[in-house]
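Trainee: Sequence:
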Amino acid sequence: MILLTRLSGTAFALNADLIERLDSTPDTVVTLVDGKKYVVAEDLLEVVAQVRAWRAGIIAASAVAEAELPGWTPRSHLAAVSSHPSREGEA
Numbered sequence: 337m338i339l340l341t342r343l344s345g346t347a348f349a350l351n352a353d354l355i356e357r358l359d360s361t362p363d364t365v366v367t368l369v370d371g372k373k374y375v376v377a378e379d380l381l382e383v384v385a386q387v388r389a390w391r392a393g394i395i396a397a398s399a400v401a402e403a404e405l406p407g408w409t410p411r412s413h414l415a416a417v418s419s420h421p422s423r424e425g426e427a
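Per our numbering, residue 337 is the first one in the sequence shown, and the count goes up by one each step.
None of these hints come from the bench; they were simulated from the model.
Careful, some of the hints might be misleading.
Label pairs and their in silico Cβ distance ranges [claimed, not checked]:
| hint | residue 1 | residue 2 | range |
| --- | --- | --- | --- |
| 1 | V400 | K373 | 14 to 22 Å |
| 2 | A399 | T367 | 30 to 38 Å |
| 3 | L405 | K372 | 34 to 42 Å |
| 4 | V369 | G393 | 16 to 24 Å |
| 5 | P362 | A401 | 24 to 32 Å |
| 6 | G345 | G393 | 35 to 43 Å |
Being a predicted model, the structure only gives us computed values, none of them experimental.
Beta carbons are placed, not taken as given, at the ideal position from N, Cα and C, and that holds for glycine.
Produce the complete structure using the sequences and hints provided.
Mentor: So this is what it looks like as C-alpha cells:
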C-alpha cells in the first residue's frame, strides 16, 4: 500500500498493484485497473517513487524471510515438463 493525499488534504492508502496508469493533467490522476480514478496532491514522479519503494520493500522482506528459515532452499518457479504422450518414441 502507498499513502496518497486527496486534493482536499485527506490521506488514504492505495493498493499499488491496482494502478493501471498515472496521468499528469496538470493534477496527478491515478487510474486503477477497474477504471476508478483518484486525483491526488502528489506529483506523478512522487507516486512512481512510492510504488517503486513499496515493491522494493516487498522483495527485501522476502529475502529476509528466506534467510531466516534454516535449511530452506529456493525452488525454481518453473515446473518440470514431460513429453507429450503422443510424441513419446519420436526422436
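Trainee: Against this structure, judge whether each hint is valid.
Mentor: Against the structure, the hints:
A beta carbon spacing of about 36 Å between V400 and K373 contradicts the range 14 to 22 Å that was offered as a hint. The given range of 30 to 38 Å is respected by A399 and T367, whose C-beta atoms sit roughly 31 Å from each other. For the hinted restraint 34 to 42 Å between L405 and K372, the CB-CB distance of approximately 38 Å keeps it satisfied. A hinted range of 16 to 24 Å holds for the C-beta pair V369 and G393, which are about 22 Å apart.
Checked against the given bound of 24 to 32 Å, the beta carbons of P362 and A401, roughly 41 Å apart, lie outside it. A beta carbon spacing of about 26 Å between G345 and G393 contradicts the range 35 to 43 Å that was offered as a hint.
When held up to the earlier numbered hints, the structure conflicts with 1, 5, 6 and fits the remainder.
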